[in-house]
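Make the complex out of the two chains shown on their own, each in a separate frame, by following the hints.
If you read the sequences in order, they're chains Y and A.
Okay, so the first sequence: first residue is 8 according to this note's numbering, each after it adds one.
Okay, so the second sequence: first residue is 36 according to this note's numbering, each after it adds one.
Honestly, the hints are just simulated from the structure, not real lab data.
Treat the hints loosely; a few may be bogus.
Listed next, with one range per pair, are the computed distances between beta-carbon atoms [to be verified]:
1) A139(Y) / K316(A): 45 to 53 Å
2) V117(Y) / K360(A): 27 to 35 Å
3) A93(Y) / T95(A): 39 to 47 Å
4) R70(Y) / D275(A): 33 to 41 Å
5) W198(Y) / D219(A): 58 to 66 Å
6) V157(Y) / K316(A): 23 to 31 Å
7) P158(A) / L273(Y): 49 to 57 Å
8) L73(Y) / K447(A): 25 to 33 Å
9) V157(Y) / R192(A): 43 to 51 Å
10) K447(A) / L273(Y): 27 to 35 Å
Quick reminder that beta carbons are idealized off the backbone N, C-alpha and C, glycines included.
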Amino acid sequence: MAGWLFASPILLGFLIFFVGPLIAVAIYSLEDWNLLTQQATFIGLSNYTNALTANPDFWLVIRNSLVFSAGLVPLNMALALVLALALSRKSFGSVFFRTLFFAPVVTSAVAWAIVWRFLLQGDGGVVNQMLALVGIHGPNWLRDPNWAMVVVIVTRVIKMVGLNMILYIAALQSISDEYAEAARLDGANGWQIFWQITWPLLAPTTLVILVITTIGSFKVFDHIYLMTNGGPENGTLVLAFYIYQQAFKFFATGYASALAMIMFVLVLVLTLIQLALRRKGAL
Amino acid sequence: MNTLTRTIAAATMLAGGLLASTAYATDLRVTVWVSAKEQLDMLNGFAAGFKKTHPDVNVTFESIPAANYTQKLTLEIAGGNTPDLGWIMEDSAPTFEQAGVLMDLAPTLKNTPDYDFADFSAPAMGLWQNNGKVYAIPFSTSPFLIYYNKTLFDQARVEDPEQLAAKGEWTMDKFREVAKAIKDATGVYGFEFKDGQGYESRVMHAIMPPIRAYGGDAWVNGQCGLDTDQAVAAMTVLHDMVFKDKSIVPPGDQSDFFAGAAAMTINQISRVPTLKTANFKWGLAPLPTGPAGAAPIIGQAAIAVFASGKNAQIAADFAAYMTNKQNVATMAKFFPPARKSVLADKAFLTSNPAISAAQMQYVADGIANGKVLPSNVKSPQILAAMAPKIDAFWKADADPKQAMQAVCSVVKPLL
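The following block holds chain A by itself, in its conformation from the complex (with noise of 0.2 Å):
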């Protein structure tokens, strides 16, 4: 064999080797929606865990906005550029399910050591599990809580929300009158819609906690429940706080509560490091109660793998590793357990140092009784068939009953 052969030799052998190693290295992208940097980070820790047991693969997390959260996604979809993960809301489960884009990840999750899927409560299960299959695995199972601003309360001289439901009476006609309370007393508004956006984008998120405080859902087998009495009852009442109390946060107005404009708002607990530099002093409180008990209301997401991926089984093993026991209790101060057997432990009340023990009980009370927010595989078309009528009784001399049945005559014809 002369040199030249040699060093032939030696130069394949080595960009062979060199290609074996990059073949070897497997990068994962996540597509995600965080609304702090902490979360990020967190998440990046997971992303450090997994490299100890599969030292080749990378994974990166990419945040993208809730308001086109899966407009985007389903762009990248639909361009070729399919992230290997990402999280499905709960709002549109059912269209990700049924379009059969994600990866049955059951046949994974028994095979993963020590996983306990039995862990899981069935509720919050429910969305993304069918025939057996495993759609997507809920990391965060989030009750809605009324964020108040203890200052304002103070300075109107009212019991704030946790004093009134320490005594069991923080219900529907308590929350309008500290509402119209304070918005007298200090000229804030009482209230504001989850982040200023239920006129337009959070329409189910400002009308679902009072229809169902009130025994009204919106559609049930197949049938629009928002013309019921019982929902209208609700409805009248968010009408005539914003029109005749005036102590909602009326449409087009922008009067935010983390600028210290309105007294409540309602977000789950994930908005928490929002207020780290908020000028007032603050605490959370269940939603209030109505002629039907108390009525939490869930708002979920769940990580999915998405089968058309080349890694697709490397992601269904990184998911399997995100919502493990010890990284679902890691998770919980933001995003809180679908596990049992994390929700039973002592631990969880005490896990985000922001919030207290008894303000994560709230919390924990709140994933064991609460329903999720409702969802369909048309949720897109229903939410802009209603956006019309929605528009119509938000109107000052609107008449509610009239308003709501026009969204169902609508939201009918699509379920």
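Next up, chain Y with everything else stripped away, as it sits in the complex (with noise of 0.2 Å):
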């Protein structure tokens, strides 16, 4: 009983906050709901079907955000791990540079995007200056459909990266020095090290940042608010914001309950795949 009360602040605060608003999700998606007006209608699993049978921008808008994560997932997870390995040691350099790729995790999304999108101008904008000191002519990034789905995920990693960086750092420097020396007796190169012991040994490490990094690539929305608005030409429209823009634009609050449930249950199973994989030992 008392063991109860003393968790019922975060209990309460779960069952509020997290149990409540998911059922009251589940709920709104089997109703017609338009939230200027009010009404509410049952309609069974009609957005459901709509979603994925009547409406084309749907397929679209899973593929993006498909293609967002397949591009920022791996990309963070590779840049993070050689950025820990290379300051992992405690030295002067090295906390300078954490502190600077750190920095971004930290930095307003708000400042972060308006920076951004005034460096990447078409014309005229640093980064297509600095190209064309080397002879290049670099397109109007955030314009051009091609390119600004890679903009984005370079822009969101850069800015993410050094969250990562600092789990990786934790586990490296966890492991015990004593590993390295004794392989190193056996005649094991530094490549072999990697491979053989500081790898399997940041396993764990590894799977939590798959899973956090997969769930907040999916749930991406400020980044694509602020840089593209979801365009050119639906090019960024990912999952998050066509939620956002089914709710609060068109106000069809039941549909986008709908969507919201998808994605749920999306991330749930890549989730699920990912420990899988985990407890089959191939990760």
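Spelled out as structure tokens, the structure:
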């Protein structure tokens, strides 16, 4: 009893702010609910069938979300690991660079996006001016459907990579030097030490990073809203942004709730796959 | 009666009195969008004025930025935190009317002494009344004007839009010519779409002025007009100016008129206070005329009362007060009037010291002859559906005719 009482604040918060809305969204997703008129009618699974069969935008949005995740997750993790390996030893320089790479994580998303939009202007943007110095004519990054997604992914990686880097550094520092020392005595080179010792010992951390980065990549909203607003030509219209558009631009709250449930299931399935892979020892 | 009973009785009366007085005080909350502090001060003046006849009513104005205005207002309504009154922008007028959340103001206006509802011009009321019901009262009926940077025009030795307008030569062709002349002579862009958002949230503000000057329109009677010959001709001019002349601030670029990085832009007179700190000379001119003659375009905003508010009647009284003859005249320097009497009064022309009488005359002419921006019950859906097709139009190698047909292909099913 006392235990429950001690746990009650977090439990209550979890029920009110997590379980409650989750159930509510599941119910809303079965309704045709207009946010503005406040009229809701029960329509069964129509919102789901509409999304999956009738709406061509839906599959475009799913494709964009998968492309965004497939680009962001490996790039983010690889870069985080490389940075962590380079900066895990304590030295004056490493502290400086750790701070440098972590700074974007705590920078306001709005400021980050506004500055990048400025740097990435077509003519006269700083990025293109620098490219021009080496004779490259840069595209109009954020207005070109082929480049906008790439740019959105890369700027997002630069912003968030510091967080994963810190997780990897913490994991690396918890690995005892004795393993590597023993391996070196047995004649292993740096490459072998990394793949045979460091990488397997990092596996639990890698899994955590993989799961949270994947979930985070599906939830990306602010970055898209501020950088491209879903454009150009719907090139960066990802699921979370599409849900926002349906709910708060078109006031189709029931339909948006159904999309949110689909996103929930999608992320859940991806996470379960990752956990299963881990259990099989593939990760 | 012993002392204790008397004390309790006194305390009860005191508490009752306190309760009664708090029950009398009414707080009205108004959601608005203002671009300058002067405008908020002016509105707060109305709140103070209303207090003279309604001492227990406190009116507060809450400013929400334009880009998210309608969405945030909707969320307040959906969240049960409905404001008592709110500005409604022209593009979302039909959406709010059809949702049934607005109170019919007709009875209140009829019963307000000296209100003179007939004084509001019929075209200006078009969006806001239906079957004898008045859903909102336009307090700003503001034509779009060309803002120009006189310093840059002088530097490029080009006649400015006002001089050209005075000679009757301020046409779309001339507009293109001077924009290019300035870009070639000074390297500064000739024209910027409204607030630099013409490729995104202000698409209609960017494309409608030339389209109407060429005799086209967005949609009429359920038909999409954006791929007609007139509309395509107008859009071709814009396309050429962006990609051939390179005289319009291109997509993604952030050069801004108010910072001196574009020689012309399009906006309403409510933005004049922004120029107080400008380090260049500036002027205002009407929109250039096209093959279809002059086609002024009006942006409108109206004040509405939300029916669900518990003080809806007092809110309606405030709406009537805010739009009475005297207050409409006060607002005219920032928010041009829909009242014929205020418009006809010579005092209107000199109401804003920063704007010359000749320039204010362009405003008056615009109100008299202008057409409000297009609106539709499904405006948000139409604009969202258009966005990717408009993006495709704004590519250097796009064919304007085909691109505009693609726009219509997604607009038509929504009309």
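Hints and how they fare:
1. A C-beta distance of roughly 34 Å is found between A139(Y) and K316(A), which places it outside the suggested range of 45 to 53 Å.
2. For the hinted restraint 27 to 35 Å between V117(Y) and K360(A), the CB-CB distance of approximately 43 Å leaves it violated.
3. A beta carbon spacing of about 56 Å between A93(Y) and T95(A) contradicts the range 39 to 47 Å that was offered as a hint.
4. Roughly 34 Å separates the CB atoms of R70(Y) and D275(A), a value that falls within the hinted 33 to 41 Å.
5. At about 60 Å, the beta-carbon gap between W198(Y) and D219(A) stays in the expected band of 58 to 66 Å.
6. Roughly 43 Å separates the CB atoms of V157(Y) and K316(A), a value that falls outside the hinted 23 to 31 Å.
7. The given range of 49 to 57 Å is respected by P158(A) and L273(Y), whose C-beta atoms sit roughly 51 Å from each other.
8. Distance hint check for L73(Y) and K447(A): the Cβ-Cβ separation is about 31 Å, which falls inside the suggested range of 25 to 33 Å.
9. The hint said 43 to 51 Å for the Cβ distance between V157(Y) and R192(A), and at roughly 44 Å that hint holds.
10. At about 33 Å, the CB distance of K447(A) to L273(Y) agrees with the hint of 27 to 35 Å.
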